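S.K.: Here is how the chains run, residue by residue.
There are 2 protein chains.
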Amino acid sequence: MKGAFFKAWSFLKKAWELGVDDPRKVIHCLKVGVALTIVSLFYYMRPLYEGLGGTSMWAIMTVVVIFEYTVGATVCKCLNRATGTLLAGFLAVGVHWIASQSGENFEPVVVGVSVFLLASAATFSRFIPVIKARFDYGAMIFILTFSLVSVSGYRVEKLFYLARQRLSTIIIGISICVVITTLICPIWAGEELHHLITRNMDKLANSLDCCAVQYFDSSGGTNSSEKEFEKKLQGYKCVMNSKATEETMAGFAIWEPAHGRFSFQHPWNQYVKIGASMRDCAYGIEALSSCLISENQGPDLIKKHLSDLCLRVSTTSSSVIRELATNINTMRKSVKLDFLIEEMNISVKELQDKLKSLPGILIPPPGQEVEQCENDNESELILTAIPIPLAEVIPIATFALLLIEIEARVEGIVDA
Amino acid sequence: MKGAFFKAWSFLKKAWELGVDDPRKVIHCLKVGVALTIVSLFYYMRPLYEGLGGTSMWAIMTVVVIFEYTVGATVCKCLNRATGTLLAGFLAVGVHWIASQSGENFEPVVVGVSVFLLASAATFSRFIPVIKARFDYGAMIFILTFSLVSVSGYRVEKLFYLARQRLSTIIIGISICVVITTLICPIWAGEELHHLITRNMDKLANSLDCCAVQYFDSSGGTNSSEKEFEKKLQGYKCVMNSKATEETMAGFAIWEPAHGRFSFQHPWNQYVKIGASMRDCAYGIEALSSCLISENQGPDLIKKHLSDLCLRVSTTSSSVIRELATNINTMRKSVKLDFLIEEMNISVKELQDKLKSLPGILIPPPGQEVEQCENDNESELILTAIPIPLAEVIPIATFALLLIEIEARVEGIVDA
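Those sequence lines, one after another, are chains C and S. Here my numbering = 1-based position in the first sequence + 45. Here my numbering = 1-based position in the second sequence + 45.
If you are wondering where the hints come from, they were derived from the structure by calculation, not from laboratory data. Predicted model only: the values in this text are computed from it and were never measured. Check each hint, because a few of them may be wrong.
[To be verified] Calculated cross-link-like contacts (lysine-lysine; reagent style DSSO-like; alpha-carbon spacing at most 27 Å):
#, chain 1, residue 1, chain 2, residue 2
1, S, Lys59, C, Lys177
2, C, Lys318, S, Lys276
3, C, Lys318, S, Lys277
4, C, Lys277, S, Lys288
5, C, Lys58, S, Lys177
6, C, Lys59, S, Lys318
7, S, Lys288, C, Lys318
8, C, Lys288, S, Lys177
9, S, Lys288, S, Lys277
10, S, Lys318, C, Lys276
11, C, Lys282, C, Lys318
12, C, Lys288, S, Lys70
13, C, Lys177, S, Lys52
14, S, Lys282, C, Lys288
15, S, Lys288, C, Lys59
16, S, Lys318, C, Lys282
17, C, Lys277, S, Lys282
18, C, Lys288, S, Lys47
19, C, Lys288, S, Lys276
All chains, please: the whole structure from these sequences, using the hints.
M.R.: Shown next as structure tokens:
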């Protein structure tokens, strides 16, 4: 009894934290409530009841099903629903006409066969990737409307009236949804995507920094902030798993009208590309961090020798990422970015030079520490070598990619 | 005109290929058609028309909305729909009773406020991760049913009759769906997951092989099969992006009854864990393949020196993965697996030893090729070193993980 109460309490607490964490979610819930209450008015008010009452449940259903978290998703669903309903309605009327011409005995056969064929075809179309991405919901609505209208047409005998009624209620539902989502605290998919990308960039930069610091700092670090440190270090994992989110958001963002700083034909696809190169970058960090937990570490001698330059590479790289994030935020290419990239390239070059001179340092003093060197030589070279080429090769290739793309994107914005 | 025709033709061709590629998708479409046609019977047949006709649209709607590709998904949606409807129905009746007790003026107010509050609360609950994963659809149905029943209750005045009718139609729809999905060529989410995992394992093994071969084979390879080779090499990318699919499938598989070789309480979560370690493995391969395209390659001398052992590490590793795949397929731990793991560990050990002896080989002959070595020494060491520690450290750590898990899973199956 007490356990159940405690469980419920912790559940409520979690829910409360979720609400405090992102108040827009709470606002979204209130918006759904408002929309539903408004729709209910169509049922309460007598004059409207006469006109729409019987099918006002369609309006309620439309609101419940269509109301999504972001504007883009809502608009996308609205268009899908409207197109699906219209198309299915016309087809169903056509089929009904053919059925009524073919005699009483064949009427159910014609209707049944047409339902079977069209439902199968529409279901199949949902497997085709292009349609699945954009019109999945529309295909479902198509099946639903078609089977409802054609089957009910056989009985109710007032097909056109029914179709008109259904359309008008759906239009009412859709317009209420669109007005409420866009006017009351709108949550734009495009803006969410924008923030997701910049937030992920910051996370990447933090992870890269932490990774380098932890690798070269063998003192154990400050214990007090260790948990936070660990959290930062794991930040790149978010980037790795954000593919699906980015793609759906970009898909929804296409449907959104111009809002805030974003124009209608904003190049959303660039965000997806940037996301992809960020994921490449995150894979690089993943490889780096696997060196952190590897059991055979290089000796401190070599580590110290390289730590300054490695840390510089990582800090300059992460500052390039951060600058990119602020550039995307302000949607303007800053001069500082070019400067930082230049600096990063210089530090990478220096590190490469240092690496080339490394064996020279190791081999010369053969008398002094030869035994220790003999044993650890290779593992030293290998293991200190790992973080560097990765810190160089992968992120830099990725940065180059990122930069080309960001420039393309900035140009795209300038054009638009 | 011709262009449009050509486009339509290529679209149809693609769709046809999709169908040929996976005939189960076509079967699924036919199943949907059959289910819908059966439901339509409730409308055609007179006796049923009297009983259910007016609300038989609910049955159609249930079939259209609930019928999913896999059995698990369908059952999950059915349970969601039934629970949501029941819960909302009881609550709506309760609210309606309170409203009817509170006088004519307050009736719409009570109903409106309750709709607003409950719709907001249910929408909010959909943001809570636990509920989103399992009961997202149920929450939507809850909102829908509650608002429909409580609003219509105010007008129609035959609430219990309506609720009973709706429930019975939904039960009819649900039972038709369940019977058809489970009896006619069932597609089990669990089996799909099972095949996905083994297929991904094969892809991983292929990628690993190709990666190693391409790195050490500078002759350019056989041009005829280059495209296929490239395809195999890219196989690991599928593994990286399959997280969401695996998780949803595992979520659906829980709901499925015992089928084929899988018992009811099959440890599906183990599949998710195996998937996760496979992704780790894939990140390792990603790092490896970035060495392939890196512009500064080590000289052939060192490459040749190490190629035999590296190739052996990669082939033994990939054969371990393949053996794991067949083991999962047969659900039995074979003796061959232990043997292969032993072999892999031996080859890794040998490679490590060889690496330790490397600088000894490079340093001794200082007279002969010292200049060439001086220049390339470090880059050689670094670059040939990269594929090895990665081929060692990451996959092996992952293999160990995989093995522990596969053993746990095999034990789980033995227990079940």
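S.K.: With the threshold set at 27 Å, check whether the alpha-carbon distance from C/Lys58 to S/Lys177 stays at or below it.
M.R.: With Cα atoms ~17 Å apart, C/Lys58 and S/Lys177 stay inside 27 Å; holds.
S.K.: Is the Cα-Cα distance between C/Lys318 and S/Lys276 27 Å or less?
M.R.: Satisfied, since the Cα-Cα distance of roughly 21 Å is no more than 27 Å.
S.K.: For the pair we were handed, C/Lys277 and S/Lys288, check the Cα-Cα distance against 27 Å.
M.R.: Distance ~22 Å between C/Lys277 and S/Lys288 Cα, so the pair holds.
S.K.: Are S/Lys288 and S/Lys277 close enough, with their CA atoms no more than 27 Å apart?
M.R.: holds (20 Å)
S.K.: Holds or violated: S/Lys288 and C/Lys318, Cα atoms, limit 27 Å.
M.R.: Holds. S/Lys288 to C/Lys318 sits at ~20 Å (cutoff 27 Å).
S.K.: Would the hint linking C/Lys277 and S/Lys282 be met if the CA-CA limit is 27 Å?
M.R.: Judged against 27 Å, a Cα distance of about 26 Å means the pair holds.
S.K.: Is the hinted pair C/Lys177 and S/Lys52 satisfied, with a Cα-Cα distance of at most 27 Å?
M.R.: Roughly 18 Å separates the two Cα atoms, so the pair holds.
S.K.: Given the hinted pair S/Lys288 and C/Lys59, is their alpha-carbon gap at most 27 Å?
M.R.: With a Cα-Cα distance of about 26 Å, the restraint between S/Lys288 and C/Lys59 holds, given a limit of 27 Å.
S.K.: C/Lys288 and S/Lys276: Cα distance at most 27 Å?
M.R.: holds (21 Å)
S.K.: Could you grab the alpha-carbon distance between C/Lys288 and S/Lys177 and see if it respects the 27 Å cut-off?
M.R.: Between C/Lys288 and S/Lys177 the Cα gap is close to 19 Å, so the pair holds against 27 Å.
S.K.: Holds or violated: are the alpha carbons of C/Lys288 and S/Lys70 at most 27 Å from each other?
M.R.: holds (26 Å)
S.K.: For a C-alpha distance cap of 27 Å, please report whether C/Lys282 and C/Lys318 respect it.
M.R.: holds (18 Å)
Comparing the model with each earlier hint shows a violation of hint 18 alone; every other hint is respected.
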